[in-house]
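Starting from the structure of chain A, add chain B where the hints point.
There are 2 protein chains.
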Amino acid sequence: MLPLQGLKIVELGHYIAAPFCTRLLADLGAEVIKVEPPEGDPFRGWGSKKDGHSVWFSVHGRNKLSVTLDLKSAEGQRRVKALCARADAMVENFRPGYLERIGLGPAVLQAENPRLTIARISGYGQDGPYRDKPAFGAIGEAMGGLRHLTANPGQSEYPPPRCGVSISDDLAGMYAALALVSACWGRDRTPDGKGRILDLDLVSSVFSLMEGMLPEYGLTGAIRQPAGAAIPTAAPTNTYPCADGKWLCVAGNSDLIFRRLMTLIGREELSADPRMATNGGRCEHAAELDAAIAAWTKTLPAREAEALLEQAEVPCSRLYDMADCANDPHFRARGTVLPVQDPLLGEVLHPAPPFRLDGVTPAEMVRWTGRAAGADNDHVFHELLGEAR
Amino acid sequence: MLPLQGLKIVELGHYIAAPFCTRLLADLGAEVIKVEPPEGDPFRGWGSKKDGHSVWFSVHGRNKLSVTLDLKSAEGQRRVKALCARADAMVENFRPGYLERIGLGPAVLQAENPRLTIARISGYGQDGPYRDKPAFGAIGEAMGGLRHLTANPGQSEYPPPRCGVSISDDLAGMYAALALVSACWGRDRTPDGKGRILDLDLVSSVFSLMEGMLPEYGLTGAIRQPAGAAIPTAAPTNTYPCADGKWLCVAGNSDLIFRRLMTLIGREELSADPRMATNGGRCEHAAELDAAIAAWTKTLPAREAEALLEQAEVPCSRLYDMADCANDPHFRARGTVLPVQDPLLGEVLHPAPPFRLDGVTPAEMVRWTGRAAGADNDHVFHELLGEAR
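One line per chain: the protein sequences are A and B, in this order. All residue numbers for the first sequence refer to my numbering, where the first residue is 1 and numbers rise by one. All residue numbers for the second sequence refer to my numbering, where the first residue is 390 and numbers rise by one.
So here's chain A without its partners, still in its complex pose:
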């Protein structure tokens, strides 16, 4: 029923990137066995807890099996090898060289199972001069080019903010999942197909989103600069302050929408102004248009301004916080926000998997919530690996 049913994955992951990769694969139906140290993935200590259980792990660990073992012990190594021997793929995000040092490198694992694909996620990649530097998500954002752009031009009092989420880990995890399933698809088309070794890194995962900036720099030397909440090539589109201190994102930059927007805010003379007849002209005078729109939004609470813009068919959205998302009728109707029973936490809300498949509801894709460390030791070691009890 789920597309990856039958795909067997071993996760030697911790914190975010590798576990996010395997959660996506698990949501799509793969069997994911998460291998944790006896004290559990240190990620479980992050963020808010209920009865000692990590709340985020309810989502981050969902649809996976958890086993605990000591990677450096003989028994742990035997079990990792046995798990990889029956698997299609292994995903890891240790510092480059660590698995080789403890005797669980790709050569060892593929000697036992040549069909095993190995996806490796690290900060800077498995080679290159920075390979051994410690990796942090924020540094992936900074070095990949994103943080330079996430800024308001002309202000120097506040630093460019983080995205606010673990974006570089998430991107690397997503790319690892895509490369891994692709490698398995290719392998399964040839009878003696070999597993591949995949090398993902946070920096180039972020860098992959830099649009046409690299070839533009190469051809002309132009360096893209931050544009705040505006888009330099489309106007008016920006984020505007409201009477209640909230912000409203408005995209009023097509000719027709622009006219409706000016009528709504009582500034028809601007839509009649020949300087504003084209997007090009409006971009030149964007500051004037932004001031006119902000003068209007400042008189209204965000929800009221949003409702009036929607009536006038001007695309807009206030900046949703988690309460807005959780209670939005569209999120609820689509099952994007799912009430789920978690045996450790009680009823919790889960974000649905970000892909909807015909014939499966989002609720059916959340088969179980993140389990305690080692919850599946018995099942995995005895039933799946056939160890004597």
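Just so you know, not all the hints are guaranteed correct.
[Said to hold, decoys possible] Now the stretches of chain A that chain B is said to cover, found in silico as 3 or more residues with beta-carbon under 8 Å:
1. 137-146
2. 162-170
[Unchecked claim] DEER-style ranges, computed between Cβ atoms:
3. A/Arg259 / B/Gly775: 47 to 53 Å
4. B/Ala777 / A/Gly221: 45 to 51 Å
5. B/Ala777 / A/Val360: 42 to 48 Å
6. B/Ala496 / A/Gln311: 53 to 59 Å
Just so you know, these hints were derived from the structure itself, not from any lab. All C-beta atoms in this analysis are idealised placements derived from N, C-alpha and C, irrespective of residue type, glycine included.
Just chain B, lined up with the frame of chain A:
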């Protein structure tokens, strides 16, 4: 040699989300036939140009074939059906309902080829109350919860900036690629495997990155607030101003690194201070630590401060702009920045595919650059579809 060699994809895409999806698949070796209107994807009009050719399209269209046809003409519809009849999957990002209205909906295409997987990308998804609203990337960011977080707390003069890239389109495209390959893997494991219909949307693609915020809100009512460039649960880590007006991201929050950092900036008394002995204490007094670090960074240009921090083994990075990325020795050594010959533009720089595969160099994965609209009409219509000349 590439994992998706033999996978056949038709792209009925425009602008960013669907074409980004298919570019990732093409980088992995799939045959991607991009279907454009006779005047070309309007995306080709975006951004800087050389000799009339879009610079970004050199990357965005790479490794794909381009054909032009009129989706509403009888000949165009026959060709789309013929392309889908021989394909594994089709990817589209029209407004929901459009393909059905012109007679090319999933039912029509799967009637001719039941094994065809169809990945549909839209702003809000194929159902739900907002399905018919116009979709904009910035609104996906706003409604998915990201823009609320990308902000400096306590300042109200400037709006929360955009990420600066098409993040919501990119994320939806990445998820579409993953779901599509997964659907093909599942289909190919059963002899009479059917193609699936996949429904991806910008809003829930962004929302999928919201960590544990949804279950936390559901359990406690807590609403995550923006934290600027800091991380509320780790200190000191922030982005600091330098003498040359540039910013430097520093992650000095482990006990050992913190001590080295305080020594470097001549503030040993702070590392000896019992209030600062643990991460918890440092988080409480983060403002004091940030002020001490900033007082030091402000005396040095970013590159000099970075070099001193690196010598002291404190993780850091200045905020790379495109010149920094393009000229960085690690990016060059890893092939993350690739010089490529483009027949339309001359030598250009391409970002490598974000996944490295054993046995293939990044340069080998860029098989050709984005071509002119319709450049492959002859090859595709006559050789692949077998039309008489």
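A quick look at each hint next to the structure:
no. : hint                            : verdict
1   : 137-146                         : holds (count 8)
2   : 162-170                         : holds (count 7)
3   : A/Arg259 / B/Gly775: 47 to 53 Å : 49 Å, holds
4   : B/Ala777 / A/Gly221: 45 to 51 Å : 50 Å, holds
5   : B/Ala777 / A/Val360: 42 to 48 Å : 43 Å, holds
6   : B/Ala496 / A/Gln311: 53 to 59 Å : 35 Å, violated
Checked against the numbered hints above, the structure breaks only hint 6 and satisfies the rest.
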